[in-house]
Amino acid sequence: MRCRTCGALAAINMRHHKLALCATHFPPWLVKQTERAIHNYRMFSHDDHVLVAVSGGKDSLALWDILLRLDYQADGIYVDLGIDGGFGYSQRSKEKVLAFQQTHPDTKLHIVDIAGTYGESIIDAAKRRGRAKEPCSVCGMVKRHEMNRVAVENGYSVLATGHNLDDEAATLFGNVLHWQTRYLARQGPVLAAAGEMLARKAKPFCRIYERETAAYVLLTGLDYIYDECPYSKGATSLRHKATLNQMEHDAPGTKLQFYTKFVQAKKEGLIRSDSEAEREMTYCVQCGRPTMADGLCRFCRLWN
Amino acid sequence: MQVTYRTKLWTFDRRITVAQMLKSIKVLPETVLVVRNGTLVTEDQHLELGDSVKVVSVISGG
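Chains as they are written, first to last, in my numbering: chain A, 25 to 328; chain B, 15 to 76.
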């Protein structure tokens, strides 16, 4: 298989795009695809201060790298969850993020130490709340809260996350399976800010396959943490990804169609928008951030 | 030729394509990238005896 641009031996074949590219021409192609999504979905501009949520994994480091290549004003936030898993998962993840930031000294990296700030690691907090077997939902909620808090408190106009097409398609699959209409209303490439306490969120990789971000980090030499979080084993999202990947194997482009047609349907009003969902929100009596719960938000309830 | 994927190791004693190798170890091409002697390769390329092959998972989540 040959690169469509130069005819050299291809490094990656993307059956859903009917496109093969070599090691030289794939990375700039992915940068351009990311830029196109940022523009098409009006995520942010070069005037915005972007806070990139970085975990040390391939997607978030690739995103930070690409935003900097595109000359966006992009700082990073790393949430230290205090997960060890027998191999120092959080510590090693943080080292990857710090190493990247040190190669871009003009950027700022915010680090939130959950155990240091709130007195417990995410796993201990999940255990205390009887969620020892399903810490992922607690972890996701804490990360979202803290990333939003840092974005709002430091005046960033948008929080960018490395969610890729596979993440979004798997989430959509789960939301449709269980007809989670509230979550469907909040899913999309961009989530508008809600008042002064909920930052605008953007997912520049929402049309990029997971396999493509992995190829980008391998071809550009970005050093990322390959090992997955030890608590993600058996996670529902991974089962959904496996199902979708089998469908993608049988019919290339399935995941892209599934997600982009959903976004299009939302745009056409066939699925209610997040602004309608916002009307059902109240505000946490402790931290003041929007919540679907009455009284305390789930984050404040966790530590009370 | 030796193939590693996560903590597993396979040995092949014949020249095969990347696609054949992935089918043999029962891994969907959509879920991995294949690195042969340090170079990313596509499914139609051949793996030779003596090659060192690493199958890299691209799936993350939780």
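Each hint should be verified, as a subset may be incorrect.
Stated by the list, open to error - Below, simulated DSSO-like cross-link-like pairs (lysine-lysine); rule was C-alpha separation at most 27 Å, straight line:
{"no.": "1", "chain 1": "A", "residue 1": "Lys42", "chain 2": "A", "residue 2": "Lys56"}
{"no.": "2", "chain 1": "A", "residue 1": "Lys257", "chain 2": "B", "residue 2": "Lys40"}
{"no.": "3", "chain 1": "A", "residue 1": "Lys42", "chain 2": "B", "residue 2": "Lys37"}
{"no.": "4", "chain 1": "A", "residue 1": "Lys257", "chain 2": "A", "residue 2": "Lys157"}
{"no.": "5", "chain 1": "A", "residue 1": "Lys56", "chain 2": "A", "residue 2": "Lys132"}
{"no.": "6", "chain 1": "B", "residue 1": "Lys22", "chain 2": "A", "residue 2": "Lys257"}
{"no.": "7", "chain 1": "B", "residue 1": "Lys22", "chain 2": "A", "residue 2": "Lys42"}
{"no.": "8", "chain 1": "B", "residue 1": "Lys37", "chain 2": "A", "residue 2": "Lys167"}
{"no.": "9", "chain 1": "B", "residue 1": "Lys68", "chain 2": "A", "residue 2": "Lys42"}
{"no.": "10", "chain 1": "A", "residue 1": "Lys257", "chain 2": "A", "residue 2": "Lys167"}
{"no.": "11", "chain 1": "A", "residue 1": "Lys290", "chain 2": "B", "residue 2": "Lys22"}
{"no.": "12", "chain 1": "A", "residue 1": "Lys132", "chain 2": "A", "residue 2": "Lys157"}
Just so you know, the hints here were simulated from the structure itself, not pulled from any lab data.
Sort out whether A/Lys132 lies within 27 Å of A/Lys56, counting only the CA atoms.
Given pair A/Lys56, A/Lys132 holds - Cα atoms ~25 Å apart, limit 27 Å.
Are B/Lys37 and A/Lys167 close enough, with their CA atoms no more than 27 Å apart?
38 Å, violated
Does the alpha-carbon distance linking A/Lys132 and A/Lys157 stay inside the 27 Å limit?
Violated, at about 35 Å.
Given the hint that A/Lys42 pairs with B/Lys37, does the C-alpha gap stay at or below 27 Å?
21 Å, holds
When you check the alpha-carbon spacing of B/Lys22 and A/Lys257, does it fall within 27 Å?
Roughly 17 Å between the alpha carbons, so the hint for B/Lys22 and A/Lys257 holds.
Given the hint that A/Lys290 pairs with B/Lys22, test it: the Cα-Cα distance must not exceed 27 Å.
Violated, at about 44 Å.
Would the pair B/Lys68 and A/Lys42 pass a check requiring their Cα atoms to be no farther apart than 27 Å?
25 Å, holds
Straight-line Cα separation of A/Lys257 and B/Lys40 no greater than 27 Å?
19 Å, holds
Would you check the hint for B/Lys22 and A/Lys42, treating anything up to 27 Å between C-alpha atoms as holding?
32 Å, violated
If you draw a straight line from the CA of A/Lys42 to the CA of A/Lys56, is it 27 Å or shorter?
Holds. A/Lys42 to A/Lys56 sits at ~17 Å (cutoff 27 Å).
Given the hinted pair A/Lys257 and A/Lys167, is their alpha-carbon gap at most 27 Å?
Since the Cα atoms of A/Lys257 and A/Lys167 sit roughly 19 Å apart, the hinted pair holds (cutoff 27 Å).
Straight-line Cα separation of A/Lys257 and A/Lys157 no greater than 27 Å?
OK: A/Lys257 and A/Lys157 at ~11 Å, within 27 Å.
Checked against the numbered hints listed earlier, the structure breaks hints 7, 8, 11, 12; every other hint is satisfied.
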